[in-house]
Amino acid sequence: MKSIALKASVCALFLLAGSAHAGSIGTATINDVTLSGAPSDALSYANGINPQSQGKNGGSTGFAKDFASYGSGDWARLAAFDSKADDGTSISTTKLGSSLTFTFDKTNGRNGSWTLTNTDLLHAVDLDLVFAIHTGGGSGAWLFDDQQIGAGQTLNGSWALNLLNNGRQYSGYSNLTIFGRDFNVIPPTDTKVPEPGTPASIVLGLGLLGVMMRRRKSK
210 MKSIALKASV
220 CALFLLAGSA
230 HAGSIGTATI
240 NDVTLSGAPS
250 DALSYANGIN
260 PQSQGKNGGS
270 TGFAKDFASY
280 GSGDWARLAA
290 FDSKADDGTS
300 ISTTKLGSSL
310 TFTFDKTNGR
320 NGSWTLTNTD
330 LLHAVDLDLV
340 FAIHTGGGSG
350 AWLFDDQQIG
360 AGQTLNGSWA
370 LNLLNNGRQY
380 SGYSNLTIFG
390 RDFNVIPPTD
400 TKVPEPGTPA
410 SIVLGLGLLG
420 VMMRRRKSK
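Residue numbers (the working numbering): 210 to 428.
These aren't lab readings, by the way, just hints derived from the structure by calculation. It is possible that part of the hints are untrue.
[Said to hold, decoys possible] Distance ranges between label pairs, derived from CB positions:
#1 G376 x G306: 35 to 45 Å
#2 S278 x T316: 11 to 21 Å
#3 D296 x G361: 18 to 28 Å
#4 D283 x G257: 15 to 25 Å
#5 S301 x G246: 41 to 51 Å
#6 S245 x T303: 20 to 30 Å
#7 G246 x G297: 12 to 22 Å
#8 S308 x N365: 17 to 27 Å
#9 N240 x I300: 31 to 41 Å
#10 T328 x D296: 15 to 25 Å
#11 G246 x A285: 22 to 32 Å
#12 G264 x T398: 43 to 53 Å
Source: prediction; values computed, not measured. Note that CB positions come from ideal geometry on N, CA and C, so glycine has one too.
Using the sequences and the accompanying hints, generate a full structural model.
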């Protein structure tokens, strides 16, 4: 369930290699990545992690522990945008049984927009979603907990980078990986027709009879 009070769960590793500084979370907050006008629910920073890499320093290793309390499923990579992604680059996926399309755009190296579309025209869905950006020195991961998307709906979002690189400068975009888990189809709400002989059907029938009688009198 979405938390009423949005909390940022932050894991920042500050390691020194000789005189060099490691990347850090800088001034980043949960408000830096939004979707449908709402900020993310949690933020995790991991030094030296690239979510698009394989092995111990890749995938969901940088944020999985921090976001463990928000769900129970395994994280699946839904979309991977490389360093050249821009101008509405689009990626679609059917992983987790979903039917989702993501787009990505850069205003500059530290700001831009993105969209999420549920291309299933019959069913609304919800899932845990992570927007993980790799920058110089590490990666930031923003969680959208139990994010709902209506049937055929497109959600618009924005992103901004306030992470610091190894030189203590604001770091630019390198790549984006979007992860998901705990995917569910939301059952449609049934509009039930009153059964014959029930009070509801009797009231409906009397109402229709009254309309017919008024029409006859007006002729």
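How the hints compare with the structure:
{"no.": "1", "hint": "G376 x G306: 35 to 45 Å", "verdict": "43 Å, holds"}
{"no.": "2", "hint": "S278 x T316: 11 to 21 Å", "verdict": "33 Å, violated"}
{"no.": "3", "hint": "D296 x G361: 18 to 28 Å", "verdict": "24 Å, holds"}
{"no.": "4", "hint": "D283 x G257: 15 to 25 Å", "verdict": "23 Å, holds"}
{"no.": "5", "hint": "S301 x G246: 41 to 51 Å", "verdict": "24 Å, violated"}
{"no.": "6", "hint": "S245 x T303: 20 to 30 Å", "verdict": "22 Å, holds"}
{"no.": "7", "hint": "G246 x G297: 12 to 22 Å", "verdict": "20 Å, holds"}
{"no.": "8", "hint": "S308 x N365: 17 to 27 Å", "verdict": "19 Å, holds"}
{"no.": "9", "hint": "N240 x I300: 31 to 41 Å", "verdict": "25 Å, violated"}
{"no.": "10", "hint": "T328 x D296: 15 to 25 Å", "verdict": "20 Å, holds"}
{"no.": "11", "hint": "G246 x A285: 22 to 32 Å", "verdict": "26 Å, holds"}
{"no.": "12", "hint": "G264 x T398: 43 to 53 Å", "verdict": "45 Å, holds"}
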